[in-house]
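Chain A is fixed; fit chain B onto it per the hints.
These protein sequence lines are chains A and B, in that order.
Using the working numbering, you'd call the opening residue of the first sequence number 1 and step up by one each time.
Using the working numbering, you'd call the opening residue of the second sequence number 1 and step up by one each time.
None of these hints come from the bench; they were simulated from the model.
For glycine and all other residues, C-beta sits at the position ideal for the given N, C-alpha and C.
Do not take every clue at face value.
What the simulated footprint calls covered on chain A by chain B, stretch by stretch (three residues with Cβ under 8 Å from a Cβ of chain B suffice, anywhere in the stretch; the number is not a length) [as the list claims (entries may be wrong)]: (1) 24-30; (2) 49-56; (3) 60-71.
Now for the letters of each chain:
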Amino acid sequence: MMAAVGAVTALLGPNGAGKSSTIEVVAGLRAAAGGSVRLLGCDPADPAVKPRIGVMLQQGGLYPTARPLEWLQYLARLYPRHADPSELLELVGIDPATRTTTRRLSGGEQQRVKLAAALLPEPEFLILDEPTAGLDPLARRNLLEAIGRRRDNGTSILLTTHQLDDVENLADHVVVIAAGRVVAAGTLDELTGAHDAVSFGAPMHLDTAPLALSLGVDYRVEEPMPGRYLVHGAPTPRVMAGVTAWCSDHGVMAEGLIVGRASLEQIVIDAADAQSRAEEIQ
Amino acid sequence: MTVSASPTAPASVSAAHRVSAHARWELRLLLRNGEQILVMFVIPLVLLIALTFARGGDVDGQAPIVMAVSLMATCVTSLAIGTGFERRSGALKFLATTPLSRLDLLLAKAVATALLSAISIAAIALVSVLLGWRPVVNIPGAILAIALGGLAFAAWAVFLAGALRAEAVLALANGIFIVLIVFGGVVIATSAMPGPIGAIIALLPSAALASAMTASLSTGAFPGTQLLLLLGWAAIAAFLARRTFTWD
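This is chain A alone, in the form it adopts within the complex (with noise of 0.2 Å):
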């Protein structure tokens, strides 16, 4: 896997895949159990690398009893070139002056207060854990924004999201990954164009051989789940034919059909189910 530079790189997967894990081991919080990690051309453990990322914690990593611009004034300290924490805060939408502790800013406003700590050093790389989680829909468009215009300004990003729109919208690479392994990797054209495929719910266990021998050799069907069935090739009005067809054969109606390419969100689930197939066996 790799997260390229100046471009944002999505990491995304079903919940217990190992993408917070993944996560810590890039900002150098625990050891890779396996494998190896280069973040700008060093270990992540390294201190060198430290003034050069910005990280944003899915869980904590705030003071509750600080205020927001006295934590970004001490963090400030901390780094050899950083921006105007005043400056950095009005960019999040949190007012600078404010009295407020932390522990008294709701849920959205301590997410915006941490990717504020996350952009103060300028960094050239950027990891954030769920960055939009529990944010309304304006709140998550700005921060959508500011993500987006460090981009623009060349900083490389790798953050995690369960919003397959914010990866629709903001990410340059998606790599999708189920129990602790990457299952897809590759831009959103090639992820999804990769799922070219008609895919259709019926009663479970049909004998597909025929509909495959009336499709040709440039389609494949399988059933990857009980009553989920998949047809994989280019979806033609001919292809539609031949499904409708074999349903009739078997006197079945196709329930929930899915034409052309395969959405982002289908493929998380093939590999949440993948995993919990993989669970399974175990």
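Leaving out everything else, chain B in the frame of chain A:
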């Protein structure tokens, strides 16, 4: 997995600046905390006045004991409880992603705790003098007692904070603090306890600190045995803290 970007590394902030920035940050948050002020200043000063009057105006005997109480309180509240909640809020985990290293953090906490202890001991000394305290000081003994006592309790505080959940640290640290003050040879001298019990309690860090402070500030003696005991307690706690401390 590979993550790459241009190799333009900016210089870094010196360790001394990072430590001083974090020490100031800790002090800022601690001195704003009312509970902290209560435990560090108000309770020891009330104890000083109460003990002095209860014991017929003998401030000479009470001032060193109250200083020991305050030193214990400073370490327990600022380090154990403070660090416990920093862990729970994820603040420590986040700081591990910044240029502040673990060593920076520990040094900064040591500086902040030492400064707080010095302020609190100075305040008690001032009030004691106003109450008529005439100390007979063994300067190296007193300095070593404060330094080693602080070190021992600080190391235990960090051990507790690193090993347990924040709420457990809060309850346990306060509980241990009260038990040590009452039964740990501080307010009640070990010499006033029945023989074998007194001898055992005299080995506790609280008793060692109280009697080291009393010896070096009331009789002008050098409390060698107690200082060795405190050093031993500090070493055990530092060893345990090193093994069990986690940052999240």
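Evaluation of the provided hints:
1. 24-30: holds (count 4)
2. 49-56: holds (count 5)
3. 60-71: Holds, because 8 residues of the stretch 60-71 of chain A bring their Cβ atoms closer than 8 Å to Cβ atoms of chain B.
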